[in-house]
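Participant: Spelled out from the first residue to the last, the chains are:
Number of protein chains: 6
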Amino acid sequence: MVEGNSLRVLAVGAHPDDVELGCGATLALFKRRGHEVYLLVLTKGEASGDPAVREKECKQSADCIGSDKLFFGNLKDTKITDGVETVMEIERFVDRLKPDIIFGHSFKDGHQDHRNAGMATLSAARNSKKVLLYESPAALREFCPQLFVDVTSTFDVKLKALEAFGSQATKVYFKGSDSHNEGRKFPYVSNAAEGLARFRGFQAGAELAEAFEVGKFLLEIEDRSER
Amino acid sequence: MVEGNSLRVLAVGAHPDDVELGCGATLALFKRRGHEVYLLVLTKGEASGDPAVREKECKQSADCIGSDKLFFGNLKDTKITDGVETVMEIERFVDRLKPDIIFGHSFKDGHQDHRNAGMATLSAARNSKKVLLYESPAALREFCPQLFVDVTSTFDVKLKALEAFGSQATKVYFKGSDSHNEGRKFPYVSNAAEGLARFRGFQAGAELAEAFEVGKFLLEIEDRSER
Amino acid sequence: MVEGNSLRVLAVGAHPDDVELGCGATLALFKRRGHEVYLLVLTKGEASGDPAVREKECKQSADCIGSDKLFFGNLKDTKITDGVETVMEIERFVDRLKPDIIFGHSFKDGHQDHRNAGMATLSAARNSKKVLLYESPAALREFCPQLFVDVTSTFDVKLKALEAFGSQATKVYFKGSDSHNEGRKFPYVSNAAEGLARFRGFQAGAELAEAFEVGKFLLEIEDRSER
Amino acid sequence: MVEGNSLRVLAVGAHPDDVELGCGATLALFKRRGHEVYLLVLTKGEASGDPAVREKECKQSADCIGSDKLFFGNLKDTKITDGVETVMEIERFVDRLKPDIIFGHSFKDGHQDHRNAGMATLSAARNSKKVLLYESPAALREFCPQLFVDVTSTFDVKLKALEAFGSQATKVYFKGSDSHNEGRKFPYVSNAAEGLARFRGFQAGAELAEAFEVGKFLLEIEDRSER
Amino acid sequence: MVEGNSLRVLAVGAHPDDVELGCGATLALFKRRGHEVYLLVLTKGEASGDPAVREKECKQSADCIGSDKLFFGNLKDTKITDGVETVMEIERFVDRLKPDIIFGHSFKDGHQDHRNAGMATLSAARNSKKVLLYESPAALREFCPQLFVDVTSTFDVKLKALEAFGSQATKVYFKGSDSHNEGRKFPYVSNAAEGLARFRGFQAGAELAEAFEVGKFLLEIEDRSER
Amino acid sequence: MVEGNSLRVLAVGAHPDDVELGCGATLALFKRRGHEVYLLVLTKGEASGDPAVREKECKQSADCIGSDKLFFGNLKDTKITDGVETVMEIERFVDRLKPDIIFGHSFKDGHQDHRNAGMATLSAARNSKKVLLYESPAALREFCPQLFVDVTSTFDVKLKALEAFGSQATKVYFKGSDSHNEGRKFPYVSNAAEGLARFRGFQAGAELAEAFEVGKFLLEIEDRSER
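Protein chains in written order, with this note's numbering: chain A, 1 to 227; chain B, 1 to 227; chain C, 1 to 227; chain D, 1 to 227; chain E, 1 to 227; chain F, 1 to 227.
There could be a bad hint or two in this list.
Which copy is meant is left open, so a pair is good if it fits within one copy or across any two.
[Stated by the list, open to error] Straight-line Cα separation of at most 25 Å, DSS-like style, residue types lysine-lysine; simulated pairs:
(1) Lys-108 with Lys-69
(2) Lys-76 with Lys-56
(3) Lys-108 with Lys-31
(4) Lys-129 with Lys-108
(5) Lys-129 with Lys-31
(6) Lys-31 with Lys-160
(7) Lys-160 with Lys-98
Since the hints were derived computationally from the structure, they do not count as laboratory data.
All chains, please: the whole structure from these sequences, using the hints.
Facilitator: Take a look at the structure:
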């Protein structure tokens with residue numbers, strides 16, 4: 001049972017599968033450790049497939065991670081701006097959920113929807129205490145890993161969650177070109193995600209890790225003085 | 001009484017007063033909340049005064065913060081390198097104390113001793129989980145505040161600790177030029193430190209804050225699942 | 001009386017109070033030293049209050065600074081882009097006033113209106129000789145202070161100008177949360193501005209300073225050879 | 001047989017195993033494609049083991065890659081500077097070999113020997129046409145991958161070359177802590193190198209890739225006009 | 001005659017003359033060496049003149065460089081976004097031409113059309129092997145030259161191509177202010193372009209060079225092993 | 001005749017010719033406008049020639065610029081550190097001359113003597129009001145021009161001053177390789193300096209300009225109120 005001093009986590013992504021790729025194993029770990037996890041997906045990813053199918057896949061993936069609730073925003077795929085309409089869409093959920101930690105896209109990303117979603121998340125979270133920006137496979141080379149989560153124990157959940165996105169499995173992005181995919185269990189992007197987690201793990205002194213840029217982090221120091 | 005799950009904090013500075021200026025209020029807060037705080041000062045600051053006097057002032061300041069122990073390194077003031085001799089000097093204490101969090105100089109600093117001490121601290125702490133780099137008044141303009149500690153409740157301790165460094169009180173650095181110091185209670189540098197804390201506080205949503213660059217931060221997620 | 005070789009200064013802000021927060025004391029100093037100061041506020045800030053009230057407050061604040069004239073642009077609050085419509089709105093005033101120095105928002109800012117206004121100012125000022133970008137309290141951590149103005153003698157004017165914005169006084173941004181505001185003379189944001197000025201002053205060797213990024217600076221060397 | 005228009009490649013590393021970790025698979029690919037590959041290791045790595053043993057391991061590894069010749073510099077482990085003595089040590093080999101491409105350490109590295117060796121390599125190569133800076137597992141977070149080599153066909157050679165460094169196998173750096181190494185075929189560092197190659201491969205559109213920062217790259221355009 | 005292993009080059013610019021200013025001499029060199037060169041100009045530059053005239057000038061300039069074909073996009077001058085409409089406009093040509101190398105605007109540019117065109121080019125080219133970003137005279141100070149092409153033999157073609165843009169010759173941008181242009185053969189911008197090429201040449205060890213940022217570069221290693 | 005309110009300028013370089021290449025035309029302009037110009041050359045450049053010859057050339061060049069006095073430091077060519085010995089060598093002259101503006105090497109430079117001299121200059125000038133960092137031909141690609149001086153009227157003096165360094169005329173750095181130097185009036189480096197000045201001029205809206213990074217700039221606002 002979730003108690004009073006568990007944390008509330010909100011992860012914001014531009015499209016179905018962004019949150020899973022960026023911080024799926026970290027969210028699964030929060031959940032397993034007894035915290036609350038909410039997902040906000042700003043669009044239904046209608047530019048890359050049937051929105052009904054993508055919504056269904058996204059729910060399946062969210063269940064896999066164990067998220068407490070999955071919300072969809074009303075924004076249009078490929079048309080996300082960093083302006084007030086995106087900021088307000090995210091603020092609605094920040095105000096309502098009052099999350100302790102917010103995860104959003106890094107700005108260092110090759111996809112304009114990701115960049116804009118990330119900037120809008122930081123604006124919407126301006127009164128929040130902790131904002132961490134996740135690394136997507138479309139991350140630009142300037143992404144700068146600063147904060148790490150050891151996800152050795154939940155990385156399999158991430159891979160499983162990614163498998164839910166079956167409708168994307170034929171996209172180059174997911175499966176890679178034919179030449180480098182034969183005989184591999186997972187699609188290309190999962191393979192890359194695992195490779196990355198292994199390297200970030202090495203940097204963090206863990207087996208597998210996810211890495212984040214620090215948008216803002218108010219460090220709290222727990223009181224041990226009266227125990 | 002300090003219990004098992006209190007944290008061990010080690011703060012490394014190049015000269016007496018560096019640690020106090022950079023993270024004195026944060027250290028005081030760790031102490032007040034029941035954690036262990038160790039200081040390692042790499043030199044006795046002999047280039048700016050009598051080392052015996054500076055050592056004494058430094059002890060007085062450390063007592064003020066409530067540090068569990070103050071260590072001095074064997075390095076020469078103004079001659080600190082980023083090489084193996086500095087790394088090993090710091091490693092001795094990292095290996096012995098096994099600190100949970102290490103504070104060191106930011107590299108973005110106009111003083112070569114500070115820059116080199118900071119780089120050596122990060123090298124010496126390569127197997128540690130959390131390294132935070134503090135902002136000195138000599139910080140270069142590239143310093144990038146990422147992580148904040150609300151020090152509203154202990155900022156007065158920092159100011160008091162700084163008062164211990166009486167031998168520096170006539171230096172321009174501490175008191176400023178004559179024209180802008182009349183009728184001010186604290187020396188110039190304390191005044192600047194308070195101004196900075198107020199602005200960092202605003203950025204952090206607190207009254208007074210100290211800010212840090214993240215050298216490395218392995219985020220641990222506490223288990224609430226069985227409570 | 002203003003003579004031929006006084007300077008013309010134009011300060012561009014996205015909303016009422018931006019210019020004051022960013023460079024109010026510097027503008028007051030230009031004015032006091034006999035130069036011409038013009039303000040261009042791109043929107044009436046209608047997203048945070050009654051535009052008529054905000055316009056009136058803005059005029060009062062501009063009078064306080066002593067500005068020669070306050071202009072309002074025709075842009076929409078929260079909808080400022082970095083595109084041609086913003087560039088042209090600013091160009092109108094640059095072409096007409098031919099300012100010697102232009103102040104604009106830094107791009108390193110958490111608010112999209114600020115970022116976009118700053119970029120458009122730099123575009124509109126592409127044939128101008130000096131463009132300086134000011135630091136707002138919403139500045140992102142990447143803001144990089146490069147050029148300083150000693151505003152010890154006019155900082156009180158800035159605080160007074162900020163008091164004109166009474167309609168904002170109940171906003172979190174202005175007053176902070178309840179817990180850290182008791183018994184303080186000025187609202188939270190003024191308090192932060194003063195703290196920042198004190199630290200920037202320390203960096204500049206002054207008591208109180210405002211800091212700027214250099215957008216472009218053509219240094220002119222005065223002729224002393226025939227005197 | 002190597003013909004006239006094969007390329008000459010020189011890879012410079014601070015210690016035995018640096019070159020292999022940074023660009024071992026790329027070097028193996030150059031060799032397999034008929035080019036000449038030379039290794040310059042600036043120290044014998046005497047700070048981490050018996051120099052005679054490390055030299056022998058290094059030769060074995062170089063043979064594995066198929067390098068044409070392995071040279072050792074006369075510098076001291078942990079004492080490499082970015083000064084003239086390092087620049088001249090490298091220049092000796094640049095002048096003699098006149099390499100078409102030079103590989104060196106990235107400056108974005110947590111180890112001072114690596115940083116200094118990298119800067120000295122760039123200085124020594126100031127009249128060379130192509131200098132590429134490789135990514136070490138000790139790379140700082142600022143490393144910025146810009147140029148990629150698809151090493152799918154030779155990555156096994158890199159892993160084999162790394163196995164030659166048996167004397168390092170018990171170091172934390174190579175094997176990781178006990179908890180995350182059980183039942184793994186390769187030591188920790190190889191595991192991380194493979195993970196990284198997989199992610200860099202994804203970024204490059206390949207299965208496995210090594211990534212480099214561009215120190216300098218004079219692009220030559222081959223003549224097809226008369227064929 | 002162009003053979004099978006000649007390269008296909010696509011250069012993307014926001015307005016007529018952007019491609020010529022950024023990489024005109026490099027394109028002329030590709031052409032002279034027997035490769036295929038395609039130009040894609042996203043708008044007809046209608047904001048700075050009669051689009052019919054500008055189109056005609058652009059064709060004349062493209063002929064001068066020897067481009068195989070000049071394409072125009074359907075975007076509006078001064079209104080280019082980094083969004084899906086620009087990405088798709090460029091993708092049409094990337095998919096059709098399958099270029100080996102793509103040249104686009106650097107993001108470090110003072111003109112919003114240039115910035116947005118550059119980002120959209122990188123998105124559209126996400127599955128391409130080489131993307132190089134050129135330096136425009138409107139480049140911001142952060143432009144970072146990494147890759148150079150020695151254009152000593154074709155720089156005269158660039159100057160000639162620029163002369164085609166006669167309708168722009170009276171713009172300040174092209175001719176400079178009256179005071180610094182008397183008795184000069186080329187308009188101001190050509191003069192600047194030549195100055196820049198000379199400095200980039202010095203940095204590259206050539207007489208005249210054009211410089212590029214590396215968007216992405218997959219280095220291919222030719223096989224010499226069987227000759 | 002030099003009057004009371006002329007400025008005092010100190011330019012610090014690592015070797016003979018550094019100051020001339022970096023800011024020679026700016027210094028000549030200060031001199032022509034009636035200000036005082038002092039040069040401090042930290043070494044006699046003994047690593048690249050007979051120190052007596054280089055000293056003589058340096059004096060001839062300083063006379064050409066019209067410098068009030070040329071000082072030599074006691075540091076060793078190729079051995080300049082960023083440590084206390086360099087800082088103190090520069091401080092001697094800063095304390096004695098009390099310059100209004102100090103010019104030093106940019107840190108973004110491929111030569112370790114230049115980097116270290118630049119950092120030491122900024123340390124030594126920590127209580128000065130204006131420190132500008134000049135661009136050397138060995139500047140790394142990260143050099144970021146921020147402040148410009150229009151040197152159209154004195155650029156010929158710079159070229160003449162550079163001609164004084166006859167002993168360097170056969171170095172690759174000065175004359176370039178044989179292939180790209182035939183029939184040119186000036187040595188290679190002068191040619192590059194002129195090309196750069198033309199481009200920086202274009203960026204600044206002038207014909208020829210020198211560009212600087214801003215180390216620190218305290219903007220003073222002249223009083224026009226009582227005229």
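Participant: Where does the structure disagree with the numbered hints, that is, which hint numbers, in rising order?
Facilitator: Hint check: 1, 3, 7 fail, others pass.
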